[in-house]
Each structure stands twice: as C-alpha cells, then as structure tokens.
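2 protein chains.
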Amino acid sequence: MKRSEFESWTRAELDAVESALEAWVPASTPACLGLAMRYGVLDGGKRVRPLLVLAACQAVGGLREAAMRAACAVELIHAYSLIHDDMPCMDNDVLRRGKPTVHVEFDEATALLVGDALQTLAFQLLAEHRLADEPRAQLEMVKLLAVAAGSRGMAGGQAIDLESTGKVLALPELEVMHIHKTGALIRAAVLIGAACGKPLAETERAGLDRYAKAVGLAFQVVDDLLDTEGSTATLGKTAGKDSKQGKPTYVSAIGAARAKELAEELRSDAQAALRPLGSRAARLESLADFVVLRKF
Amino acid sequence: MKRSEFESWTRAELDAVESALEAWVPASTPACLGLAMRYGVLDGGKRVRPLLVLAACQAVGGLREAAMRAACAVELIHAYSLIHDDMPCMDNDVLRRGKPTVHVEFDEATALLVGDALQTLAFQLLAEHRLADEPRAQLEMVKLLAVAAGSRGMAGGQAIDLESTGKVLALPELEVMHIHKTGALIRAAVLIGAACGKPLAETERAGLDRYAKAVGLAFQVVDDLLDTEGSTATLGKTAGKDSKQGKPTYVSAIGAARAKELAEELRSDAQAALRPLGSRAARLESLADFVVLRKF
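Chains A and B, in that order, give the protein sequences. Sequential numbering from 1 applies to the first sequence in the working numbering. Sequential numbering from 297 applies to the second sequence in the working numbering.
It is worth saying that the hints were derived from the structure and are not from the lab. Ideal placement from N, C-alpha and C gives every residue a C-beta, glycine not left out. It is possible that part of the hints are untrue.
As the list claims (entries may be wrong) - Taking lysine-lysine pairs in the DSS-like style, the calculated list, with each CA pair at most 30 angstroms apart, reads: (1) A:K198 <-> A:K247; (2) A:K2 <-> A:K260; (3) A:K99 <-> A:K198; (4) B:K439 <-> A:K198; (5) B:K556 <-> B:K543; (6) B:K556 <-> A:K46.
What the hints assert, rightly or not - Each pair of labels, with its calculated beta carbon distance range: (7) B:T461 <-> A:E173: 42 to 50 angstroms; (8) B:V400 <-> A:P172: 43 to 51 angstroms; (9) A:S28 <-> B:D429: 45 to 53 angstroms; (10) B:S315 <-> A:E229: 34 to 42 angstroms.
Said to hold, decoys possible - Computed, partial: chain B to chain A, Cβ under 8 angstroms: (11) P326; (12) C328; (13) L331; (14) M383.
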C-alpha cells in the first residue's frame, strides 16, 4: 500500500474513532465522572489498537459498525490501563498524551473511578447493540477482550511489571512480561477485528494471530527504544522513566542495537504472516511499518 | 417460606457460590495477582447479590449453571468495588469482611490491579461459556452488568459519594446517590438471574424490577443503620466510619427511627411486588426479610 494512501486512510479512521468516542463516552453522568472520563480518553494517543481492529475487520470484509464499537472498546481498555498505571501507587507519572495525567488534573480518587468506569464501558459497548449477524460472534468478542485484559493478560503483565522493577530480567522473562502487558491487548485488537466478519479459514486465522503476536512484541520493543531515545515533547509522556524506575526493558536486556534488529525481524515476521490473506491485508501490513518506524 | 427452610437453602447456596468462586478465580496467574484476587474475594461477605441472582433464576425456572456464573460475576463486581473503595485515596479503610483490606495485606498497587482484574473476570465469566439457549440472552446479561457497574450505575454512585462527603444531602439527593451506588448492582443481580430463564410476561418483569429496586434501597438504609448501631466485630468492617468521614446517610438525613420505618416500608413494597410471580418467588421474599433484619 502506498504511504500516502495509508496516511489518508489513517487520518480518516482516526477522525472516525474520535467522533465515535465523543459520542460513546458519556458527558452526562452523575458528578463530574463523565467529564474526567472524557479527559482521559479523548483527544490523544496514537490509537494503534483501534486502527488494528478496523484494519483487521476490513481485511476480512467484516461489518464496519461492529468494528468501530470494538475499536473503541479496545481503546477504552487501553486508556483505563494507562490512567491506573500513571497513579502514584503505580508509576506515579504526571504527563500522558501531552497532558497532565488524570490524577493530576482531577485527583487520585477520580482517576481510580475513571479507570474503573472506562473498563466497564468497554464491555458495555460490545454488548449493548447488535454487532454481528451471529450473537455468538459478539460474545466471542467480549470473551477475547476480557481474557486479553484480565489476570492472564494485561493485568497479569502489570503484576509481573510490579514484581520485576529493580530486577534484571533475561530475555525470555522480559518477553513473558510483555506478551501479557502489551501483547495480549494488541493481539485481541486484531482477533476482535477479524471476529466482525465471517469465520476465517484456519490458515488465515493462524496468519492473523502470528501477525498480531509479532506486532504486539514489536510495539513494546520500539516503546523501550523510544523511552531511551525519544524526548518527552515528542512522546507526550515522560521520556527515560523506565530506566529511572529500574524497569527491565529490551534496551537494558539486549542493548539498543540488538533491539532495533529485533524490531525489524518482528516486522518482517508480522508481514510474512499476512500472506494467506493476500492484498486485503495491505492496511495491516502498513500498520506493522507504522508500529516499528514511529517516532512517538 | 419457613425460616429453617430458607436458612438451609442459604447455607447450601453459599457453599456452592464459594466453591464456584474457588474454581473460577484463578490461583495460577503471573506474579502473585491470583493469590491477591482470591484473598479479596474468597471466604467472606454476605453474598447477598449472588443469592439474589440464584433466587431470581429459580423463581423463573432458569438454568442453574448460567445463574451460578452470573451470581459469581455480580459478586466479583461487588468485591472489586469494595477493594478499590477501601484504598487510601478513597475511604482508606483497613478492615473488610473481618480481614485486613487488600492494600493493607498486600500493597496499594496490588489492590488496584486486583480490583481491575476482578472486574474483567466478571465479564469473562459471562462470556466464555454458553449460558443460555439464546446467545442473545447471554449478551443481555453482559449488558445489564455493564450498565449497572458503570458510570451511570455503581461507579457514578461512587462519584456522587466523593462529591457529597462533608455535605448535607436532602433525602431525594441521598436516594439518587444510593440508587446508583448500591441499588444498580442489586437490581442487576435480580434481572440477570431472571435472564437465565425464558422471557417473562411484562407484569412479572415489572414486579421483579420493583422488588429489586426496593430491596436495593432497603439494603442501603439498613447499611446506614448498622454503621451507626452495629459493632466493628459483628460487621467485619469499621463501624461508624460514615459519620466519622462526614458522609451523608439515611440516619443523618432522616434519623434512625424514621430510617427503620423506611426499611420496613421498602420490605413490604418489595414483597408486594413479587405477587405476579406467585409461590416461585418465596426465596426472593425471604431474601427481602434477610436484607432488612440482618445484623451484619
């Protein structure tokens, strides 16, 4: 896919995701909860996960309305995890997506509730409207999201992260942490997007899954590189915080040069895995480029 | 229903709920997350919400396996809310269900993750197995739970609670807070239990809904009375903390004598609302007695 074509697709989809989140994250809630939820979600972030949902849905010819709800649901899970992760008892960070973090802008109790309510809203979005011809496919989306976000997925990865701070992890242990912490939700984004269409052939599904796993790991390798090499202004979050907090990263485990090679290998692997899907997967292919080549 | 009969039903169901939670809250997770999740959920609590789910399911002749999963899902949402609510940035409480709170026994970061992961697990339980003849009924359960737990339900109620601390609320405002904070999830427990069976006639559904709303409010009125009149040892949580923290309660708003009358009125109303369901609703009727007459 031509770069300009990918960029205009991305721009249009980011606008559509923003509008959908605008519509679905409620402003009118008791107290100021809705306001704080909107602060934590709207107007920020790369939205890589929603783009993966939408591209995967398009690759399988799935239903757009379903994919847009699923894309927002995945993004809400991601946003809630960032808000809780930034709280003083976790990473204690003050800057996220170029703005003060939710607990800084509001307070800790509000940040706690905002994260809680955004997680709930993710599941509500997947359940409250008919999203698939087959309600069973819709339940499958709920299950994929729950397993990816839960104790054997993202939350489990956060727990490993907590336990690992200040330790040196070997590469396999680091990989286990990231497969949970970042990888599970990115993988779910692709599989949920694909669940918006007709059931896939086994080779197609296996290819998508291999793609999703490789992109998930590549995302984290590049995140670790950017934490070392990027600036706070470009990243919109505090640069260099992982090493300052003594967190094991790909850079600390294998060095920056090898981490860059690894990101490249994962990109190639991800793109090779898409072959069974043919040209329909062009956007997913370009997203792997984006994940690895991004500067923020 | 005879009191002894109700008590033996309750004992058997509480054992069944405990076994189900034992089986479904995973011990083997990354790091110590599973251990802390089990600490936060197992072996404690009145389990009023699971009993309501099970009794409502039985009142409509629904599927037991579905109701048990739904009962545990509702209890997980309740348990997560208590764990987050006890954290230092919220109520800062050290005792819950007769044990040190999760952030005291483990630490704050773990308590945050435990709450997050228990919420996710609630939705996973509802989605990962076939629970109803009609998958659409199962999606309806996910929706009921999400709406009840979210920003227009329980989390919204917590936000009103935060904003109201130190204020005097008039009775209607107090009621709005509790309809969200406690009422929404109790109401959902009844409706989710009923969703495990065949669709109800409109009078039956309306009756159950009126019952559920009245029981939810009665529960909170009695909670406020017990906070004033109960002891920490009996309650298993810190007695007198609402008034100490300047929280508006039914006792502060209308006095203990009127609050007791109100609880009785709500009990009568709840039980009257069950009439369209006939004798099948005997356990729900007894549960209204339990909610109002309990000493803990």
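Hints, one by one, checked against the model:
no.: 1; hint: A:K198 <-> A:K247; in the structure: violated (42 angstroms)
no.: 2; hint: A:K2 <-> A:K260; in the structure: holds (24 angstroms)
no.: 3; hint: A:K99 <-> A:K198; in the structure: violated (40 angstroms)
no.: 4; hint: B:K439 <-> A:K198; in the structure: holds (24 angstroms)
no.: 5; hint: B:K556 <-> B:K543; in the structure: holds (19 angstroms)
no.: 6; hint: B:K556 <-> A:K46; in the structure: violated (54 angstroms)
no.: 7; hint: B:T461 <-> A:E173: 42 to 50 angstroms; in the structure: holds (44 angstroms)
no.: 8; hint: B:V400 <-> A:P172: 43 to 51 angstroms; in the structure: violated (34 angstroms)
no.: 9; hint: A:S28 <-> B:D429: 45 to 53 angstroms; in the structure: violated (37 angstroms)
no.: 10; hint: B:S315 <-> A:E229: 34 to 42 angstroms; in the structure: violated (52 angstroms)
no.: 11; hint: P326; in the structure: holds (4 angstroms)
no.: 12; hint: C328; in the structure: holds (7 angstroms)
no.: 13; hint: L331; in the structure: violated (10 angstroms)
no.: 14; hint: M383; in the structure: holds (7 angstroms)
When each numbered hint is compared with the structure, violations occur for hints 1, 3, 6, 8, 9, 10, 13.
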